[in-house]
Amino acid sequence: MKVSDMRRNNRRRDNCIGLLVATALVACPLAASAQAELNLPILVPITGFLSLEGTSQRNGALLAIKNAPSSVKITAEVTDTGSSPEGAVTALERSLSRGKVSAVAASMLGTQMLAMLPVALENKVPLATVSGTADITEKNNPYVFRFFPGDAVAKGAHVRYVLEELKKKRVALVYQTTAYGQSGRKHIVELLKKSGIEPVMEEALDVAVKDMSAVIGKVQAARPDVIMLHLHGGPSALFIKQAGAAKVNLPIVAGSGMSQPTTVALMEPAELKGLCAETNAAPVAGGSPQMDKFLAQYRAEFKSEPDGFAVGQYDATSMIIDVVAKGAKTPEDIRKALSGGSFKGLAMTYKSDGKGNMAHSAVIICYDGKTRMPKIVKRYD
Amino acid sequence: MLLQILANALALGAAYALLALGFVLILNATGAVNFAHGDMVMAGGYVAIAMGSVLQLPGALLLPLVVAVMALLGFVFSWFAYFPLKNRPPVSVFISTIALGIIFQNSANAIYGAAPRKGPPLLSEGNFGMGGITIGAQALGIVVVAIVLIVAQHLLLNRSGIGRKLRATAQDREMAEAVGIRVNRMIALTFALGSALAGAAGLMLSNTFFITPTDGTNYVIKAYIAVTIGGWGSLSGAVCGALIIALFEVLFPSLPLLIPPLKIIAPWLFTQTASTILLYVGLLAIMFFRPQGLFGETVQRRV
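Listed in order, the protein sequences are those of chains A and B.
Using this note's numbering, read the first sequence as starting at 4 and increasing by one per residue.
Using this note's numbering, read the second sequence as starting at 28 and increasing by one per residue.
Any given hint could turn out to be false.
Taking lysine to aspartate or glutamate pairs in the EDC-like style, the calculated list, with each CA pair at most 16 Å apart, reads [to be verified]:
{"#": "1", "chain 1": "A", "residue 1": "Lys250", "chain 2": "B", "residue 2": "Glu152"}
{"#": "2", "chain 1": "A", "residue 1": "Lys358", "chain 2": "A", "residue 2": "Glu141"}
{"#": "3", "chain 1": "B", "residue 1": "Lys145", "chain 2": "A", "residue 2": "Glu274"}
{"#": "4", "chain 1": "A", "residue 1": "Lys69", "chain 2": "A", "residue 2": "Glu274"}
For each label pair, taking beta carbons as the anchor points, the in silico distance ranges come out as [what the hints assert, rightly or not]:
{"#": "5", "chain 1": "B", "residue 1": "Ile138", "chain 2": "A", "residue 2": "Lys332", "range": "40 to 46 Å"}
{"#": "6", "chain 1": "A", "residue 1": "Lys127", "chain 2": "B", "residue 2": "Ala293", "range": "47 to 53 Å"}
{"#": "7", "chain 1": "B", "residue 1": "Phe110", "chain 2": "A", "residue 2": "Ala303", "range": "43 to 49 Å"}
{"#": "8", "chain 1": "B", "residue 1": "Asn133", "chain 2": "A", "residue 2": "Ser73", "range": "31 to 37 Å"}
{"#": "9", "chain 1": "B", "residue 1": "Leu30", "chain 2": "A", "residue 2": "Pro292", "range": "55 to 61 Å"}
{"#": "10", "chain 1": "B", "residue 1": "Leu84", "chain 2": "A", "residue 2": "Lys142", "range": "52 to 58 Å"}
{"#": "11", "chain 1": "B", "residue 1": "Phe315", "chain 2": "A", "residue 2": "Lys69", "range": "55 to 61 Å"}
{"#": "12", "chain 1": "A", "residue 1": "Asn252", "chain 2": "B", "residue 2": "Ile291", "range": "26 to 32 Å"}
Keep in mind the hints are simulated off the structure, nothing from the lab.
Please read these numbers as outputs of a predicted model, since none were measured by experiment.
By construction, the Cβ of each residue, glycine as well, lies at the ideal position given by its N, Cα and C atoms.
Sequences and hints are given; from them, build the entire structure.
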């Protein structure tokens with residue numbers, strides 16, 4: 004082979020290599036964008052007194068991840084936060100120490116969220132939760148996003164239904180001593196006050212109280228025309244059951260605890276007659292093809308009925324996946340996208356109010372006493 | 028009104044008495060606090076739910092089966108939580124019972140999930156009126172079953188040979204061994220008896236108040252307080268302590284209903300929250316001023 008031929012061949016080889024390198028350089032970013040990455044730890048209470056709600060959160064997040072587009076590569080490790088604030092903080096710090104965290108599906112327990120907020124702020128990681136505790140979005144922390152109606156929305160619907168639809172004025176209020184209970188009580192009392200109404204009776208119950216006959220006796224003695232409950236699921240069921248046994252024939256409008264199918268399953272349909280409750284969504288009641296599909300998939304996957312918390316966390320996780328699929332790469336990108344964008348989820352359209360409150364709708368469901376299936380009777384947007 | 032409140036308190040106190048009795052039996056036999064005792068109550072509730080769903084029988088008929096299963100569980104429990112550590116400092120047994128309790132909780136969570144469950148009623152869930160008060164059939168059943176079990180347990184310990192051996196083991200293990208009593212067998216039997224009582228309480232409480240995997244923590248605290256109030260190691264004291272707790276939970280916050288002026292004088296004092304605080308203040312006072320408990324003696328008769 005002549006030297007000139009060798010040089011020509013070398014030039015062709017170099018050109019080919021150059022072409023391959025150039026192709027690779029162009030192709031690599033394309034491949035990277037085709038497989039956006041999302042590291043989303045799921046830190047929820049799987050044990051403890053909020054384990055039921057935490058399990059719903061976990062299931063909702065996992066289902067959203069299962070339905071994620073293939074263009075997003077998701078790492079999601081579930082950690083049980085228990086029911087203590089330190090359990091939640093430890094879980095968050097452990098996740099952060101293990102690698103780059105994009106965002107967190109965070110506990111719905113208000114006290115845990117309040118403890119995690121400073122850590123999220125320090126590490127600049129968005130937390131997506133379904134906690135109803137009002138305070139979590141009142142701390143000027145730009146890294147918290149609540150995909151469940153906060154007390155201002157949920158209790159607004161709760162009070163409006165009592166005053167406007169039931170037209171009741173003599174309210175007996177029973178609430179939980181937890182952060183959730185106290186925060187809800189504050190909103191209910193303030194909203195009633197705006198309408199010139201003072202509760203005729205109010206009392207707080209610890210989650211450990213099993214026999215509620217004393218508080219039921221006080222409710223009866225105060226002669227209310229409606230009972231408003233702001234209790235967790237199990238205590239709500241206990242109250243309603245014991246009030247029924249004590250022949251308290253008053254309308255009861257409960258908090259979101261009584262929208263949970265597992266709580267409702269503790270009671271006979273007749274015991275539920277006339278009972279209403281506020282919630283973000285009632286997935287078991289269906290209502291749209293998307294919700295029906297979610298319901299079927301949830302039942303098949305987890306062999307249980309979904310509740311509003313599962314839907315809320317499903318929507319929260321879906322929105323995070325959506326913003327990552329659309330190009331958000333860093334936690335800061337995700338935070339900005341959650342802060343400024345809107346997302347049509349299963350329960351409602353989510354958009355931040357500037358404080359991280361994404362959900363602005365609530366519904367009232369009621370039971371007819373014949374089945375355990377609720378009906379949505381009023382929607383407040 | 029007063030009778031109604033007392034009836035509710037009695038039903039609650041009867042169930043607490045069963046769990047406090049089991050707790051104090053094991054305490055006396057081993058000298059160690061069984062922190063998993065509340066989880067035994069929880070386990071009894073889930074055993075009742077499992078058996079009820081398979082056999083479709085009311086709780087009253089399931090009770091002997093639940094008691095038998097829980098006695099067996101208590102027996103096995105002693106071989107994991109107590110015997111391997113019996114020659115170590117008491118704190119080792121405390122820790123092992125806590126560990127087993129957490130294992131029970133998480134196992135129940137894995138098998139049944141976190142949602143509250145309802146156990147089968149003893150006979151029915153209806154109510155009936157009696158002398159102007161409404162009593163739930165379940166509440167009445169709890170009182171009757173608790174009385175039967177407490178009397179049976181009393182007869183077993185005081186009128187039978189095995190009871191004498193159990194008492195001898197609780198009073199002085201070395202002396203009991205010296206006179207030929209198989210001490211380990213007696214201790215294992217005590218775990219079985221205590222767990223059987225906890226299981227019976229679990230069956231009854233799981234219908235009235237539902238059951239979740241984490242309920243045991245709350246129940247063991249009640250047992251602990253009942254025993255401290257009644258007298259550390261005293262069986263009758265444990266029953267009285269349990270009834271006092273129930274009175275604080277039910278009667279005290281109801282006092283304004285019985286004495287209306289209290290509602291005006293100090294409404295804040297008769298809330299459920301305040302009554303819990305007062306119960307614990309009372310507990311501290313007893314520990315300071317009468318450390319042997321309200322019904323304890325300086326030298327107590329154990330088991």
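Now the hints, each set against the structure:
1. A:Lys250 with B:Glu152: Given that 16 Å is the threshold and the Cα spacing comes to 14 Å, the pair holds.
2. A:Lys358 with A:Glu141: Cα-Cα ~7 Å, so holds.
3. B:Lys145 with A:Glu274: holds (14 Å)
4. A:Lys69 with A:Glu274: violated (37 Å)
5. B:Ile138 with A:Lys332: 40 to 46 Å: Hint holds: Cβ distance 42 Å, inside 40 to 46 Å.
6. A:Lys127 with B:Ala293: 47 to 53 Å: The hinted range 47 to 53 Å holds for Lys127 (chain A) and Ala293 (chain B), with Cβ atoms some 50 Å apart.
7. B:Phe110 with A:Ala303: 43 to 49 Å: At 46 Å between Cβs, range holds.
8. B:Asn133 with A:Ser73: 31 to 37 Å: Once the Cβ atoms are compared, 35 Å apart, the range 31 to 37 Å for Ser73 (chain A) and Asn133 (chain B) holds.
9. B:Leu30 with A:Pro292: 55 to 61 Å: holds (57 Å)
10. B:Leu84 with A:Lys142: 52 to 58 Å: holds (54 Å)
11. B:Phe315 with A:Lys69: 55 to 61 Å: Given a distance of about 58 Å, which is inside 55 to 61 Å, the answer is holds.
12. A:Asn252 with B:Ile291: 26 to 32 Å: For Ile291 (chain B) against Asn252 (chain A), whose Cβ atoms are near 28 Å apart, the range 26 to 32 Å holds.
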